[in-house]
Amino acid sequence: KNEVEQSPQNLTAQEGEFITINCSYSVGISALHWLQQHPGGGIVSLFMLSSGKKKHGRLIATINIQEKHSSLHITASHPRDSAVYICAVRRGSQGNLIFGKGTKLSVKP
Amino acid sequence: DSGVTQTPKHLITATGQRVTLRCSPRSGDLSVYWYQQSLDQGLQFLIQYYNGEERAKGNILERFSAQQFPDLHSELNLSSLELGDSALYFCASSVGQGAYEQYFGPGTRLTVT
Numbered sequence: 001k002n003e004v005e006q007s008p009q010n011l012t013a014q015e016g017e018f019i020t021i022n023c024s025y026s027v028g029i030s031a032l033h034w035l036q037q038h039p040g041g042g043i044v045s046l047f048m049l050s051s052g053k054k055k056h057g058r059l060i061a062t063i064n065i066q067e068k069h070s071s072l073h074i075t076a077s078h079p080r081d082s083a084v085y086i087c088a089v090r091r092g093s094q095g096n097l098i099f100g101k102g103t104k105l106s107v108k109p
Numbered sequence: 001d002s003g004v005t006q007t008p009k010h011l012i013t014a015t016g017q018r019v020t021l022r023c024s025p026r027s028g029d030l031s032v033y034w035y036q037q038s039l040d041q042g043l044q045f046l047i048q049y050y051n052g053e054e055r056a057k058g059n060i061l062e063r064f065s066a067q068q069f070p071d072l073h074s075e076l077n078l079s080s081l082e083l084g085d086s087a088l089y090f091c092a093s094s095v096g097q098g099a100y101e102q103y104f105g106p107g108t109r110l111t112v113t
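Quick mapping for you: the protein sequence lines, in order, are chains A and B. With my numbering, you'll find the first sequence wraps up at 109, consecutive numbering, no jumps. With my numbering, you'll find the second sequence wraps up at 113, consecutive numbering, no jumps.
A hint or two may mislead.
Just so you have them, the derived chain B footprint on chain A, three or more residues with Cβ under 8 Å [to be verified]:
| hint | segment |
| --- | --- |
| 1 | 25–34 |
| 2 | 38–44 |
| 3 | 83–94 |
Below, in silico cross-link-like pairs of lysine to any residue (SDA-like), each with a Cα-Cα straight-line distance of 25 Å or less [unchecked claim]:
| hint | chain 1 | residue 1 | chain 2 | residue 2 |
| --- | --- | --- | --- | --- |
| 4 | B | Lys9 | A | Gly40 |
| 5 | A | Lys104 | A | Gly92 |
| 6 | A | Lys101 | B | Val112 |
| 7 | A | Lys55 | B | Asp1 |
| 8 | A | Lys101 | B | Thr111 |
| 9 | A | Lys101 | B | Phe69 |
| 10 | B | Lys57 | B | Thr7 |
| 11 | A | Lys101 | A | Val44 |
| 12 | A | Lys54 | A | His69 |
| 13 | B | Lys57 | A | Asn2 |
| 14 | A | Lys108 | A | Lys68 |
| 15 | A | Lys68 | A | Gly40 |
| 16 | A | Lys101 | B | Asp40 |
| 17 | B | Lys9 | B | Ser79 |
| 18 | A | Lys101 | B | Leu39 |
| 19 | B | Lys9 | B | Ser65 |
| 20 | B | Lys57 | B | Val19 |
| 21 | A | Lys104 | A | Asn10 |
| 22 | A | Lys101 | B | Leu61 |
| 23 | A | Lys55 | B | Lys9 |
| 24 | B | Lys9 | A | Val84 |
| 25 | B | Lys57 | B | Phe69 |
| 26 | A | Lys108 | A | His78 |
| 27 | A | Lys68 | B | Ala99 |
| 28 | A | Lys101 | B | Ser2 |
| 29 | A | Lys54 | A | Val84 |
| 30 | A | Lys53 | B | Gln97 |
| 31 | A | Lys54 | B | Val95 |
| 32 | B | Lys57 | A | His78 |
| 33 | A | Lys101 | B | Ala99 |
In short, the hints are calculated from the structure, not lab data. Where a beta carbon is used, it is the ideal one built from N, C-alpha and C, also for glycine.
Bound-form chain B, shown alone:
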């Protein structure tokens, strides 16, 4: 158990809908990273937050947004969902922003039908 929690575990929704994925980092970790793992693209970095502020952006679509709250949990919002958004979404946390160990949550499996 990494200490990082993600909810829900599984999510099945229809095209065009909007969903929110939630992540709680390990106690004491200030950085949260969101990653997407799809069959064709593998693991890709989406976005990073550090202590409530956005720090880095990767291949995140405009239909996706995220935020980190004062209690350090983070939410990833996915809207106008398409079939191609079906993937495993992982969050990871680390104590700082740079070269620190990252601890991964169990992931949320999103299926868009």
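Looking at chain A on its own, in the form it has when it is part of the complex:
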């Protein structure tokens, strides 16, 4: 079993829809990251969370440490949001990340 599980694997939405991507992990963590990878391959860090909730524009990330679960929400989705969204966790004092397999999001106009 992977230490970081994401769902769904693939997601197709219509422009304007509210989107939720889920991430569950089975290890103790010091932080959780949400990353975005565009078709060209580049990776952008969206959020780093250790508790609570963060918001940036139309993106919201939440984490529940007790339940070992995080969600990434996209409000008013747009075709430019089409990308792979990757959840990654950091264990203890180590800096390296352990990655989920990603959620491929496609937003249709």
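Chain B: place on chain A using the hints.
For chain B alone, coordinates are given in the frame of chain A:
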């Protein structure tokens, strides 16, 4: 633009060869991480350096090695290349060793033929 640079962007080489991938971290960042992204394994951590010293090792093969130089740039050396080493190699940098934001470079796409 994350401020992290990687060269080359693309590399095509034959089995058995050796290549060097280079990474320059963001100005002021002391930590460099190397990650491999392959189709079957996804993203995996290879190795971390902090201010010139190796700090953590992940799923890095013995045929691979890395170092971080005094100017903080890092190189990942891959030798005796196999078809299965074909992947995207990313480096990321952060200001410290622990729970800091990581900034990813654009990656080097390695194709072994």
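Okay, the hints, checked on the actual structure:
{"no.": "1", "hint": "25–34", "in the structure": "holds (count 3)"}
{"no.": "2", "hint": "38–44", "in the structure": "holds (count 4)"}
{"no.": "3", "hint": "83–94", "in the structure": "holds (count 5)"}
{"no.": "4", "hint": "B:Lys9 to A:Gly40", "in the structure": "12 Å, holds"}
{"no.": "5", "hint": "A:Lys104 to A:Gly92", "in the structure": "28 Å, violated"}
{"no.": "6", "hint": "A:Lys101 to B:Val112", "in the structure": "23 Å, holds"}
{"no.": "7", "hint": "A:Lys55 to B:Asp1", "in the structure": "21 Å, holds"}
{"no.": "8", "hint": "A:Lys101 to B:Thr111", "in the structure": "22 Å, holds"}
{"no.": "9", "hint": "A:Lys101 to B:Phe69", "in the structure": "32 Å, violated"}
{"no.": "10", "hint": "B:Lys57 to B:Thr7", "in the structure": "22 Å, holds"}
{"no.": "11", "hint": "A:Lys101 to A:Val44", "in the structure": "16 Å, holds"}
{"no.": "12", "hint": "A:Lys54 to A:His69", "in the structure": "15 Å, holds"}
{"no.": "13", "hint": "B:Lys57 to A:Asn2", "in the structure": "19 Å, holds"}
{"no.": "14", "hint": "A:Lys108 to A:Lys68", "in the structure": "31 Å, violated"}
{"no.": "15", "hint": "A:Lys68 to A:Gly40", "in the structure": "31 Å, violated"}
{"no.": "16", "hint": "A:Lys101 to B:Asp40", "in the structure": "10 Å, holds"}
{"no.": "17", "hint": "B:Lys9 to B:Ser79", "in the structure": "18 Å, holds"}
{"no.": "18", "hint": "A:Lys101 to B:Leu39", "in the structure": "10 Å, holds"}
{"no.": "19", "hint": "B:Lys9 to B:Ser65", "in the structure": "19 Å, holds"}
{"no.": "20", "hint": "B:Lys57 to B:Val19", "in the structure": "20 Å, holds"}
{"no.": "21", "hint": "A:Lys104 to A:Asn10", "in the structure": "5 Å, holds"}
{"no.": "22", "hint": "A:Lys101 to B:Leu61", "in the structure": "21 Å, holds"}
{"no.": "23", "hint": "A:Lys55 to B:Lys9", "in the structure": "33 Å, violated"}
{"no.": "24", "hint": "B:Lys9 to A:Val84", "in the structure": "20 Å, holds"}
{"no.": "25", "hint": "B:Lys57 to B:Phe69", "in the structure": "17 Å, holds"}
{"no.": "26", "hint": "A:Lys108 to A:His78", "in the structure": "8 Å, holds"}
{"no.": "27", "hint": "A:Lys68 to B:Ala99", "in the structure": "17 Å, holds"}
{"no.": "28", "hint": "A:Lys101 to B:Ser2", "in the structure": "23 Å, holds"}
{"no.": "29", "hint": "A:Lys54 to A:Val84", "in the structure": "20 Å, holds"}
{"no.": "30", "hint": "A:Lys53 to B:Gln97", "in the structure": "24 Å, holds"}
{"no.": "31", "hint": "A:Lys54 to B:Val95", "in the structure": "21 Å, holds"}
{"no.": "32", "hint": "B:Lys57 to A:His78", "in the structure": "39 Å, violated"}
{"no.": "33", "hint": "A:Lys101 to B:Ala99", "in the structure": "21 Å, holds"}
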